[in-house]
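Protein sequences, first through last, are from chains Y and C.
Take the first sequence: its position 64, counted from the start at 1, is 64 in our numbering, and no numbers get skipped.
Take the second sequence: its position 436, counted from the start at 1, is 436 in our numbering, and no numbers get skipped.
Take the hints with a grain of salt, since some may be wrong.
Derived DSBU-like pairs (lysine-lysine); straight-line CA-CA distance at most 35 Å [said to hold, decoys possible]:
no.	chain 1	residue 1	chain 2	residue 2
1	Y	Lys-227	C	Lys-76
2	Y	Lys-236	C	Lys-371
3	C	Lys-89	Y	Lys-227
4	C	Lys-76	C	Lys-89
5	Y	Lys-227	C	Lys-392
6	C	Lys-371	C	Lys-19
7	C	Lys-422	C	Lys-392
Derived by calculation from the structure, the hints in this document are not laboratory data.
Please read all numbers here as calculations on a predicted model, not as lab measurements.
The lines below spell out each chain.
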Amino acid sequence: MFWRRRDESPDEAPTEEPRQSSEPMTVARPRREPSGMGLRARPSGFGTRMRSIFGSGAPATDATWDEVEEALIAADVGAITTLELVDAARERLRRENTRSGDDARRALATEIRDRLARVGSGRFELGEAPSVILFVGVNGTGKTTSIAKLAYRLKADGVSLTIAAADTFRAAAIEQLRIWGEQLGVSVVAQRIGADPGAVAFDAVAAAQSRGLDAVLVDTAGRLQNKQQLMDELAKIRRVIERRLPGQPRHVLLVLDATTGQNGLAQAEAFSREVGVTGIMLTKLDGTAKGGVALAVADRLGVPILFAGVGEEIDALAPFDPEAFTEWLFAE
Amino acid sequence: MFESLSARLQGITERLRGKARITEADLDVALREIRLALLEADVNFKVVKEFVARVRERAMGTDLLTGLNPGQQIVKLVHDQLVEVLGAKRHHLTLDARPSVVMMVGLQGAGKTTTAAKLAVRLRKDGRKPLLVAADVYRPAAVDQLVQLGDQIGVEVHTRPMGTPALEIARSGLEAARQGGRDVMILDTAGRLHVDEAMMDELVRIAGVLTPSETLLVVDAMTGQESVRVAEAFHARLPVTGLVLTKMDGDARGGAALSIRSATGLPVAFLGTGERTDGLEPFHPDRLAQRILGMGDILSFVERVQENVDSEAAEKTAQRMMENRFTLEDFRSQLTQIKKMGPIGQLMGMIPGASQMAGAAQEAVDSGQMKRIEAIIDSMTPEERRRPDIIKASRRRRIALGSGTATADVNRLLKQFVEMQKLMKMFSGGKLPRMGGGLGALLGR
């Protein structure tokens, strides 16, 4: 399968040594070609696969649909959602009374796009100030980095904000946010490691109220969804925010690693049940993963995808657009 | 949502009950279920295809083993195939050089830094003198993280001023290990995408200079279908020697291990469980096979039992069971033993076939049902506990009064105890009833 196209332009080869940055506290990674949806896209590879399945001009048959199923499963869409998608696409073809390969490909793309759009993917509004955005997810999905990226984006749009360092568990999580805060010129409300995360969130919300800020981004410690005690702690953080500011948090973003397989469904289910997830931030889409489990989550649990992380750079965060995502997915 | 392979196969088992042979049609149905379950466990689809083909091969023409019904037979075939792919032996780190270098590599967020610290703890337990080297210069505060972890576990961390290239840190780390008399150096590197050429080049250069004894690819147990491509890419550029599968304390089934092992032949060296620095376990292929199957982890269960149960009392009970002299007194002492072992739901999850009942059992405990059973037994005289058949109406009323329950509760317990004794008769007669029936019935299910 096709997964890297950069060798086609060897003159654009990256620099030999990682270049050092002027910022004192981190080193910049070597700049990569931007990829993924919303930016100059490196194709997902899925489109090439679709072309090779449907490209010969032959009509869609049971055998070709089997191959489509396989390609969807390889994209982590999951067996159940895959079967539903293929059935729906085939039904669409029947209605349109066609069996051409091109139409079949289009039918599948339309199904995917419509299912993503139906649940409200890409619709993100801050609402009444101060708007509180709670970031939740399992360990290592990129919560802290995603907060920095969203902070950068909001700030560029003229939104005044603060960040709450409520991951008081992981070693150096607070330092990581502080460094981002300094680089972005955004204040970070923090206590020490081991402090009550609810108290940190409370302080940040209170600070935002008294300073008249537009938004508060709350970082939380990563936790596996089957650890009930940790999920209870998260629910408590939510309640603390709610009590201080009824109607908030406006957004509870589940940060989901695009590399995740079917466990992503279990994650979305558990976090939704415990803290009412309002949207998904799909990270690490700049690898070879297609993030198909997010499609399954959107379709089966009705949770919209709101943002996509598409690179290491601070500006590599795209609002999730079902149309653009589908285009990227099917691009060759 | 996550129907395990064993749950799916149980359905087939029911359907195949009483058949002497597995027909090809039966097998097709079973293999379809196996395929779906493996895909749900995030086993790579190509690996699944091959796997299912191998199971078919094994199943064809196999006569039934005595004592197993066709469904169980298929479960056994699947289990054996899983173990075969995962490899039977443990992977031991080869750390002969002085100092030996262990290099941790992987995608972002897989858990390299945490695993580096955990590995240091484990190696020190084995009598080694480890040095941690912090070469993740890209992620903000990654170096701080390792330094803090090093403080926690009391292992020195080698760092260099901000702006020092990773290769230079690796080099000076090795020098520091040599001079400090450390026999193993654990190098933490930045997370990187396998398609990021410049970043992969950096690792290749580091590996070229350090010639690591072990290069461990750290993989998140929740990884989906991409796991194979990621592992292949790292393996193609670097001398990867083994895998560490992290976040195994989650509920992901860890199909990535099977996929990567099957596609690259790389052994799984360790499993990471939990956020504490002692959460790194050597890998047992058969246990992961059972987990992928959703069969629970019977060995861990046995270990837990051994740690907590008074072995003499247990042996006595077992003997009584065999001799069919199991009384309410024995049952009462069993309940006490079970409670010592920790949350019952977690325990049941480890027992093959009982995982579906785990929730019900936990509920029974939480709702106080277990307490009621104990109270009822406690309200009996020793004579009554040994010979429940003497408990007639007036004794029943007295026991109910004494335990604060209704006569109906007492009746139910006694009736279920009789059922349980019948089951035990079957056990001792060498017949295997379906697991859980006895306790399940007793807990009102």
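Hint check:
For the hint pairing Lys-227 (chain Y) with Lys-76 (chain C), the CA-to-CA distance comes to about 31 Å; that is within 35 Å, so the pair holds. For the given pair, Lys-236 (chain Y) sits about 30 Å from Lys-371 (chain C) by alpha-carbon distance, which is consistent with the 35 Å threshold. With a C-alpha separation of about 31 Å, the suggested pair Lys-89 (chain C) and Lys-227 (chain Y) falls inside the 35 Å cut-off, and the hint holds. Simply put, Lys-76 (chain C) and Lys-89 (chain C) have alpha-carbon atoms about 19 Å apart, close enough for the 35 Å limit, and the pair holds.
Restraint check for Lys-227 (chain Y) and Lys-392 (chain C): the C-alpha separation of about 47 Å exceeds 35 Å, so the hint is violated. Under the criterion of a C-alpha separation no larger than 35 Å, the hint pairing Lys-371 (chain C) with Lys-19 (chain C) is inconsistent with the structure, at around 43 Å. In summary, the hint linking Lys-422 (chain C) to Lys-392 (chain C) is supported, as the alpha carbons are separated by about 20 Å, within the 35 Å threshold.
The earlier numbered hints that this structure contradicts are 5 and 6.
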